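> Sequence lines, in order, name chains A and B. Residues -12 to 488 in the numbering used here are what the first sequence lists, from first letter to last. Residues 27 to 157 in the numbering used here are what the second sequence lists, from first letter to last.
Everything labelled a hint here was simulated from the structure, so no lab data went into it. Do not take every clue at face value.
Straight-line C-alpha distance at most 27 angstroms; calculated BS3-like pairs for lysine-lysine [to be verified]: (1) A:368 x A:480; (2) A:454 x A:465; (3) A:121 x A:57; (4) A:407 x A:389; (5) A:302 x B:85; (6) B:53 x B:90; (7) A:480 x A:-1; (8) B:28 x B:134; (9) A:314 x A:337; (10) A:302 x A:105; (11) B:134 x B:76; (12) B:134 x A:157; (13) A:314 x A:272; (14) B:85 x A:314; (15) A:419 x A:404; (16) A:465 x A:368; (17) A:404 x A:389; (18) A:170 x B:58; (19) B:134 x A:170; (20) A:311 x B:28; (21) A:426 x A:480; (22) A:389 x A:468; (23) B:58 x A:314; (24) A:368 x A:302; (25) B:58 x B:85; (26) A:311 x B:76; (27) A:157 x B:90.
Calculated from the model, a selection of chain A residues having no Cβ within reach of chain B, i.e. all distances over 10 angstroms [unchecked claim]: (28) 6; (29) 12; (30) 67; (31) 82; (32) 88; (33) 129; (34) 164; (35) 171; (36) 173; (37) 275; (38) 319; (39) 320; (40) 385.
The structure displayed is predicted, hence computed values, not measured ones. A virtual CB, placed ideally from N, CA and C, is assigned to each residue, including glycine.
Residue strings, one per chain:
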Amino acid sequence: MTEKTIQEINSKIRDGSVCVVTADRMSEIVEEIGPEDAVKEVDVVTTGTFGAMCSSGVWMNFGHSDPPIKMQKVWLNDVEAYTGVAAVDAFIGATQISETEGMKYGGAHVIEDLVRGKIINLRSTSHGTDCYPKRSINTEITIDDLNQATMLNPRNAYQKYNVATNSSDKTIYTYMGTLLPRKGNATYSGAGDLSPLSNDPTYETIGMGTRIFLCGTQGHIIGEGTQHAPGANFGTIMVRGDLKDMSPEFLRAAILYRYGITLYVGIGIPIPILNEKLALSTAIKDSDISTSVLDYSIPRRSRPTIKTVTYADLKSGLIEIDGKEVKTSPISSYHVAKKIADTLKRWIEKGEFMLNLPAERLPPDTQVKPLRQTRELPLVKDVMLTNVTTIEQGSEVEEAAKRIIKGEFTHLPVVSKDDKLVGIVTAWDISKAVASKDKTLDEIMTKKVVTSDIDEPVEISAAKVEKHNISALPVIDKERKVVGILTSDDITKLVAKRRVK
Amino acid sequence: MKLLLRFLPEMIKSPLISEIILETGAKLNINKANVAPSGGEIVIDIPPDKVEDVIRAFKVRDVKVIVLEHPVIRDDERCVNCGACISICPVDVFEFGEDWSVDSNVDKCVRCGACVYGCPLCALSLGEEDV
Ligand code: SF4
Ligand code: SF4
């Protein structure tokens, strides 16, 4: 069995005899000459991916002003950066949205503007301390003024990703882009045969310290990414690189309409072909990588899988769902992914990029857990008042007044003869009517009643109370019979209790 | 050629399009129609030999006529050739070409606007030209 070492490959890089191929070509080579000869022929396979990677951002150090300030809040072009660290360090996250422009500009735009050398407004406030007396600052900076601008992305380069479609009859706007109604399209992400982690899925050569292509410069993997789930082929990496050397060709701010802001990040990992196992794993084809089509119209954590497809199916432009042809669109760019793999290949051939083995390999067995939700608000039926007093339609206003006084309620649901909700009157409506004397109950009641369902989470009722600016919600069953009442006071108490617990 | 027509609210009720088809003999294809209390907007496609007649016929009826010569405009510096626009466009203006770059055949565009929001890079916009 042929084996090679990184040192051997690096000396070939030094003397210019290294053989580098891009990952999309490796399957042909291995098919043609077999894995054993492929190890002899090919030294490095380059990969690439360019797509929306929300979990990205940049650590910055601004340097000290005079007098100095301990920056407690920082905004760059009105986009807030995280400052819960030392005095003049801050982290700008890609998805943070502008406080003045909303979803038109965000952290990713600040990052792209920094890379483009544009002038950025820096604002900061502080409570002032004995050693850092200054309380606010407002100034203009460029990337050259920063001591450090270090890209540090907690989760990038998903090995592969799910395909999104939408079975509802409305267009929905998601982090997978615009999804047309009735499964009108399907969107996907990831570079398939060029995908970095798919080319070495057991992470033989990838891990902490691996030198990579990152947004046009050389960066490093610093460990597994958050939500790294290798068992399900959903591996991710955490990466670091110097923003000052990056290029806007491989780093772009993007807006996913009605979803938010994101950063397109370009990553390429070189895979040294040390043995046959690596020759075979880098020979992966689009048709070898399968993924699930999920229904994104279901707003839950586990979305139903509609079917399984391969990247070859997806790249053909059409997939079949329920006997219907559905157009597919990537939201990541294969064109740029290929450019990244080509660029990395050129760097290695020119001796500008040396390979290294990782200090620690990525863990092969971590799992992703869902969030433990301990303070979830209960359902309406658990908290509503059930001894609710109602009044029949057509009754006298005086009668309504009596019942309100007797029951000590401020709201009185009005019901029809067969007990169905038809309106609601409040103590205030009644006192007005009594004062003017000439109104009937039917005239003073509110007919469009906002209601709650027994099985609805109280969170949803709370949102209704807030949206309609009302103080009580009759709870009805499927037949519109009043089964209880929920007051805004009850909701507020409940929410407050949960918070202090 | 495509024309964008802007109507005042009071014109919406009259059978304008039918009148103009009868008057000019042009075969109009309605690509898009929007009617709101503030007025209406219609995009039509007309055969090249009838362009002048049709424009004149609308203008005498006080309809604002905008020639849509560059229906959808792409900023090629901004575009990263992802292809997100491909499956959104109802008339297949976009498709993958050489090297997985995205080609566009803008003549087919009916100005529905879907791709303008659908492009994550904000590389697409709709052009307008008054006559
Ligand atoms: S969606 Fe935008 S960036 Fe992507 S290919 Fe279309 S125009 Fe280019
Ligand atoms: S505006 Fe509508 S028809 Fe024109 S290219 Fe965009 S999606 Fe297609």
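> Going straight from one Cα to the other, do residue 314 of chain A and residue 337 of chain A come out at no more than 27 angstroms?
Answer violated: residue 314 of chain A to residue 337 of chain A is near 41 angstroms, above 27 angstroms.
> Non-interface claim for residue 88 of chain A: all C-beta distances to chain B beyond 10 angstroms?
holds, 13 angstroms
> Going straight from one Cα to the other, do residue 404 of chain A and residue 389 of chain A come out at no more than 27 angstroms?
holds, 20 angstroms
> For residue 320 of chain A, which was marked as not at the interface, is the minimum beta-carbon distance to chain B over 10 angstroms?
violated, 4 angstroms
> Is it true that the CA of residue 368 of chain A sits at most 27 angstroms from the CA of residue 302 of chain A?
violated, 49 angstroms
> Verify the proposed pairing of residue 368 of chain A with residue 480 of chain A, using a straight-line Cα cut of 27 angstroms.
holds, 16 angstroms
> Taking 10 angstroms as the cut and beta carbons as the points, is residue 275 of chain A off the interface with chain B?
holds, 19 angstroms
> Confirm or reject the statement that residue 82 of chain A sits farther than 10 angstroms, beta carbon to beta carbon, from all of chain B.
Holds, because the least Cβ-Cβ distance between residue 82 of chain A and chain B comes to about 13 angstroms, which exceeds 10 angstroms.
> Given the hinted pair residue 314 of chain A and residue 272 of chain A, is their alpha-carbon gap at most 27 angstroms?
holds, 21 angstroms
> When you check the alpha-carbon spacing of residue 58 of chain B and residue 314 of chain A, does it fall within 27 angstroms?
holds, 22 angstroms
> Hint check: residue 170 of chain A vs residue 58 of chain B, CA-CA at most 27 angstroms. Holds or violated?
holds, 22 angstroms
> If you draw a straight line from the CA of residue 28 of chain B to the CA of residue 134 of chain B, is it 27 angstroms or shorter?
Judged against 27 angstroms, a Cα distance of about 10 angstroms means the pair holds.
Hint compliance for this structure: hints 5, 7, 9, 10, 14, 20, 21, 24, 26, 27, 34, 35, 36, 38, 39 are not met, and every other hint is.
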